[in-house]
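Student: Read off the chains here:
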Amino acid sequence: CLAESHFDCEKAIDDFFTSGMADQPGSRGGRRAAEALYRRYKEPGEDHIGVDGVQKFCEDLGVEPSDIVMLVISYHMGAAVMCEYSQGEFVTGLMKLGAETLGRLRSKLPELRSSLAKADTFRAVYSFAYDFSREKGQKCVQLDSAVGMWRLLLESPHAGPNAWPLVDDWVAFLEARHNNRAIAKDTWLQLLDFIRSVKPDFSNFDENSAWPYLLDEFVEHMREKRAAGACA
Amino acid sequence: MKKGPIKIEPFRHPVTVDPQYADKTWKVLEDAIREIHNQNASGLSFEELYRNAYNMVLHKYGPRLYEGLIRTLTAHLTEVAKKIEEKEGAPFLRELKKRWDEHTKSSQMIRDILMYMDRTFVVQQQKTPVFTLGLELWRDVVVRNRAISERLLSIVSSLIMKERQGEVIERGLIKSVTQMLVELGHAVYVEDFEKPFLAAAAEFYRKEAQEYISSSDCPEYLRKAEARLGEEAERCGAYLEAASTEPKITRVVETELLKAQMTPLLEMEHSGLIALMRDDKFDDLSRLYCLMRRVDNGLATVRTMLCEHVKEVGRALVSDPERSKDPVEYVQALLDMRDKYERIITQAFADDKTFRNALNQAFEHFVNLNVRSPEFISLFIDDKLRRGIKGLSDTDVEGVLDKVMALFRYLQEKDVFEKYYKQHLAKRLLSGRTTSDDAERNLLVKLKTECGYQFTSKLESMFTDIKTSRDTMADFRNRLTETGKLEAELGGIDLQVQVLTTGSWPTQAPSKCNLPRELETACESFRTFYLSTHSGRRLTFQPNMGTADLRAVFGGGRRHELNVSTYQMCVLLLFNEADSLSYRDIAQATEIPTPDLKRALQSLACVKGRNVLRKEPAGKDVADSDVFFFNDKFTSKLIKVKISTVAATKEGESEKAETRQKVEEDRKPQIEAAIVRIMKARQRLDHNTIITEVTRQLQARFVPNPATIKKRIESLIEREFLARDGNDRKFYTYLA
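Protein chains in written order, with the working numbering: chain A, 1 to 232; chain B, 1001 to 1736.
If you are wondering where the hints come from, they were derived from the structure by calculation, not from laboratory data. Keep in mind the model is a prediction, meaning the values are calculated, not measured. Even for Gly, the Cβ is constructed at its ideal location relative to N, Cα and C. Hints may be right or wrong, so weigh each one.
Claimed, not checked - Quick look at which bits of chain B chain A covers, simulated, 3 or more residues with Cβ under 8 Å: (1) 1598 to 1605; (2) 1678 to 1688; (3) 1714 to 1726.
To be verified - Keeping only pairs whose Cα atoms sit at most 25 Å apart, straight-line, the calculated PhoX-like set for lysine-lysine is: (4) 1710(B) to 139(A); (5) 118(A) to 42(A); (6) 1730(B) to 199(A); (7) 1175(B) to 1027(B); (8) 185(A) to 1711(B); (9) 1403(B) to 1446(B); (10) 1340(B) to 1325(B); (11) 1642(B) to 1680(B); (12) 139(A) to 1711(B); (13) 1710(B) to 225(A); (14) 139(A) to 1162(B); (15) 1175(B) to 1083(B); (16) 1710(B) to 199(A); (17) 185(A) to 1668(B); (18) 1403(B) to 1467(B); (19) 1175(B) to 1281(B); (20) 1281(B) to 1311(B); (21) 1711(B) to 199(A); (22) 1325(B) to 1403(B); (23) 1668(B) to 139(A); (24) 225(A) to 1711(B); (25) 1620(B) to 1325(B); (26) 1710(B) to 185(A); (27) 1175(B) to 1098(B); (28) 1656(B) to 1608(B); (29) 1608(B) to 1325(B); (30) 1027(B) to 1097(B); (31) 1224(B) to 1311(B); (32) 185(A) to 1608(B); (33) 42(A) to 136(A); (34) 1512(B) to 1656(B); (35) 56(A) to 118(A); (36) 185(A) to 1680(B); (37) 1060(B) to 1027(B); (38) 1662(B) to 1710(B); (39) 1668(B) to 1608(B); (40) 1422(B) to 1175(B).
Whole structure, please, built from the sequences with the hints as guidance.
Tutor: The structure is reproduced here in structure tokens:
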């Protein structure tokens, strides 16, 4: 029955499209289409889209759940928690994107990916990623999720100029020195500034300019490592 | 009839001027001048000559007269110069002097004759007056005559040189020459004599300095320099123009003898500044100070050397592992060292404030190099207060304490000191081992004035606790006596409980231990009493800090009173029931924590003269498999035997790290409080200013590490007390 209604829904939407009635994004028709899509993925008996729904959503879009584009979509939806969309988030998010149907969303994916190369968008997605990665009720992000996010964001081929060549060193440093503690939001946000303003050889790094101590230690660690490497 | 103005015609009479008049008159005057120059003036009529000169001027022959005078004088002086030139050496000077005297005398006479010209013609025409003219001509024709001036200089300088080398010379002669130069004008003296004189002196002293520096040691060199300065000043007074020359020649000597040689002199290996300080040569140091004060940068150099030297000596002292073995000696060495340099400064360096500051700086630098300095200073005080000050007068005690306080002031980590001081004070108070309450309080007052109320408030409350405990115990006893339960409750045990406020005393992990039955009852009795008078409190017994006096009977009926710790007492009382016990038995029966038990057993069985227990197998350390016996053969000359716990007076490595960590933990809230205080007042501030402000606020207690402050700031951001400014990441804002 569910499958049938799904089918009906999509069909109806497709019809809606071809008839050219939903040309203005955000119109009533758009909202209805998005709401239909929401119902399609919604957890039965719950008021949100859950893990399974997201999984299905990804499949339908033809992307992996770990694809960075999903993070961008979540950012546009303003999702509060990973693997979960509330109705409001999902519907207004899609409408904002002007992609109330799977087809339109699918066709928007390359654009969304490439938007990451823009500094402003990247920063917004980057800071969104921190709150997004927090477990419920936690103030800070655990080290392993933070590392996962960093790898996703900073090593992404779509990050363009925002990519950071030192992610491996940074992660290795954290794993060796940080005792598996959580990452503070300040540290998370400052890292992006650090990446943007400090050269990879740290020649313009200033110890006195209020970087979080973790970054101070990282620079020190890297300098030592490089000095040792240079000697050997 | 109208009267016209009366006209008075001048009476015209023909003035017949002899055309030869001027020539004739000048001839007369010229002859006269020549006679004067030949010291032959007695036959001349002053009146006639004066009139002649007067007439010449009156008849407008002034220029003629003036020119003639110059010509005559010049001719005469050229002759004179030739005569002087013929002489050599001292006679030359004598001749010069004689001629000069003659010349001044003649010049005076000529001036008198030509007085009228001086008053009218010279003034109108703005010419040089006659007498001055005489001097100027003498200067130009005689003194500045190349042959004469060179010879004059060389003779005078060689005479002075001789005197410098110790010969006696005819000072009067030189004096008259310099006098002459001065009379010819100050400029003449400076140009023609002083400059070459100073140059020659510089040359001489430069050589001498080189000679001295290689042949003399530093004190001798300084003595010589001092003597030279004296000599030159005296010379100026005796035969030179002191007002002008003395400061200059002094400068020359200072420059050549002191300034130029300052570094090699001060750094002389076996006699330089360092050696002098090492050997307490106050006189030489005082001389050095006085001389160096004369030279630019002299004192600064000495000060820097002193500072560096003290730092070096101090660094060696604090980093010497031998020294660190005995804290008391370590601190004593610091005090001695400080005394030594203080004495040098007061006695030899005129109590110079800047030197004292340098000394303090140096001490502050090296005292803090050894992280254990705060602990050692506290241990030193502990030692002094326990036994060191016995038999000393109040003023002596005061002196000792003041000196220690001076060291304390150098400490950067005053909070670490506080931590240790608290521990040591607790031990002293609890074991009743303070010798003088006055001294204790005195020191507390000193600490309070130094660091403020909050530094000592807990220490003070420790004193109060002890006093209150005494009263409480008296009440307890009274109550028991009144109710007639003294015997039943205490069973003959003289129980002393000290009630300590949690928080004021160094925190002790509550330790468990099975007290002997008799004692258990007594403790319970006190607990009931105390809680009945102070409701709502919690009372925990800390057996690890107590002591006990036991009466014991050994083989042959020898009685001894044993002063032991509570733990040791628990162990010993077990032997009332058995003669031998294994380590495991004891551990099980008492439940004393292992390290404490081992220490207690060690001091009961392994210390000679205190071995009331016997251990098998014998040995220094206690193992789990050991068996202990009551030592029946124990002997001691003393009735009262004090069995001190083999105590680590100085902390072991692990304890040290623990205290360190505790200190670090204690600092966190202090740093955070400072940050919040500052941010609340300033609302928005940049990172570096916060760091400086926090450091400034806290430096009375310790010097926080910038990295630590940074971590605290981050922690405050995380807890949303602060936020990073959105526009400039180096700024923080305060969130109310």
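Student: So, for every hint listed, does it hold in this structure?
Tutor: Going down the list of hints, with the structure as the test:
Restraint check on the stretch 1598 to 1605 of chain B versus chain A: 0 residues with Cβ-Cβ distances below 8 Å, three needed, restraint violated. With 3 residues bearing a CB less than 8 Å from a CB of chain A, the stretch 1678 to 1688 of chain B meets the requirement of three and the coverage assertion stands. With 4 residues having a Cβ less than 8 Å from any Cβ of chain A, the stretch 1714 to 1726 of chain B passes the three-residue criterion, so the hint holds. Pair hint residue 1710(B) plus residue 139(A) holds up; C-alpha atoms about 20 Å apart against a cutoff of 25 Å.
Between residue 118(A) and residue 42(A) the alpha-carbon distance is near 33 Å, which puts this suggested pair outside the 25 Å criterion. At roughly 18 Å between alpha-carbon atoms, residue 1730(B) and residue 199(A) fall within 25 Å of each other, so this suggested pair holds. Distance hint between residue 1175(B) and residue 1027(B) is unfulfilled; the C-alpha atoms sit about 39 Å from each other, more than 25 Å. A hinted pair counts as satisfied when its Cα atoms are at most 25 Å apart, and residue 185(A) with residue 1711(B) qualifies at roughly 14 Å.
For the suggested pair residue 1403(B) and residue 1446(B), the alpha carbons sit about 11 Å apart, so the restraint of at most 25 Å is met. Restraint check: the Cα-Cα separation between residue 1340(B) and residue 1325(B) comes to about 23 Å, which is no more than 25 Å; the hinted pair holds. The hinted pair formed by residue 1642(B) and residue 1680(B) fails the criterion: a straight-line CA distance of about 57 Å is larger than 25 Å. For the suggested pair residue 139(A) and residue 1711(B), the alpha carbons sit about 17 Å apart, so the restraint of at most 25 Å is met.
For the suggested pair residue 1710(B) and residue 225(A), the alpha carbons sit about 24 Å apart, so the restraint of at most 25 Å is met. Distance restraint check for residue 139(A) and residue 1162(B): the Cα-Cα separation of roughly 94 Å exceeds the 25 Å cut-off, and the hinted pair is therefore not satisfied. For the hint pairing residue 1175(B) with residue 1083(B), the CA-to-CA distance comes to about 22 Å; that is within 25 Å, so the pair holds. Using a Cα cut-off of 25 Å, the hinted pair residue 1710(B) and residue 199(A) holds, with the two alpha carbons roughly 22 Å apart.
Annotation: proposed proximity of residue 185(A) to residue 1668(B) holds, straight-line Cα distance about 21 Å (limit 25 Å). A distance of roughly 29 Å separates the Cα atoms of residue 1403(B) and residue 1467(B); the hinted pair therefore is violated under the 25 Å criterion. The suggested pairing of residue 1175(B) with residue 1281(B) is violated, with an alpha-carbon distance near 41 Å, which exceeds 25 Å. Straight-line distance between C-alpha atoms of residue 1281(B) and residue 1311(B) comes to about 20 Å, which keeps the hinted pair within the 25 Å bound.
The straight-line distance between the Cα atoms of residue 1711(B) and residue 199(A) is roughly 24 Å, inside the 25 Å bound, and the hint therefore holds. Pair hint residue 1325(B) plus residue 1403(B) holds up; C-alpha atoms about 22 Å apart against a cutoff of 25 Å. The hinted pair formed by residue 1668(B) and residue 139(A) meets the criterion: a straight-line CA distance of about 21 Å does not exceed 25 Å. Between residue 225(A) and residue 1711(B) the CA atoms are separated by roughly 24 Å; this keeps the pair inside 25 Å, and the hint holds.
Under the criterion of a C-alpha separation no larger than 25 Å, the hint pairing residue 1620(B) with residue 1325(B) is consistent with the structure, at around 21 Å. Among the hinted pairs, residue 1710(B) with residue 185(A) is consistent with the structure: their alpha-carbon atoms are about 15 Å apart, no more than 25 Å. The suggested pairing of residue 1175(B) with residue 1098(B) holds, with an alpha-carbon distance near 13 Å, which does not exceed 25 Å. Annotation: proposed proximity of residue 1656(B) to residue 1608(B) is violated, straight-line Cα distance about 29 Å (limit 25 Å).
Restraint check for residue 1608(B) and residue 1325(B): satisfied, since their Cα atoms lie roughly 23 Å apart, inside the 25 Å limit. A distance of roughly 30 Å separates the Cα atoms of residue 1027(B) and residue 1097(B); the hinted pair therefore is violated under the 25 Å criterion. Taking the CA atoms of residue 1224(B) and residue 1311(B), the gap is about 31 Å. The hint is violated against a cut of 25 Å. Among the hinted pairs, residue 185(A) with residue 1608(B) is inconsistent with the structure: their alpha-carbon atoms are about 63 Å apart, more than 25 Å.
For the hint linking residue 42(A) to residue 136(A), the alpha-carbon distance of about 20 Å falls within 25 Å, and the restraint holds. At roughly 24 Å between alpha-carbon atoms, residue 1512(B) and residue 1656(B) fall within 25 Å of each other, so this suggested pair holds. For the given pair, residue 56(A) sits about 29 Å from residue 118(A) by alpha-carbon distance, which is inconsistent with the 25 Å threshold. Straight-line distance between C-alpha atoms of residue 185(A) and residue 1680(B) comes to about 23 Å, which keeps the hinted pair within the 25 Å bound.
With a C-alpha separation of about 16 Å, the suggested pairing of residue 1060(B) with residue 1027(B) holds against the 25 Å cut-off. Between residue 1662(B) and residue 1710(B) the CA atoms are separated by roughly 19 Å; this keeps the pair inside 25 Å, and the hint holds. Taken as a hint, the residue 1668(B) and residue 1608(B) pair is broken in the structure, with Cα atoms around 47 Å apart against an allowance of 25 Å. Among the hinted pairs, residue 1422(B) with residue 1175(B) is inconsistent with the structure: their alpha-carbon atoms are about 78 Å apart, more than 25 Å.
When the structure is compared with the earlier hints, violations turn up for hints 1, 5, 7, 11, 14, 18, 19, 28, 30, 31, 32, 35, 39 and 40 and for no others.
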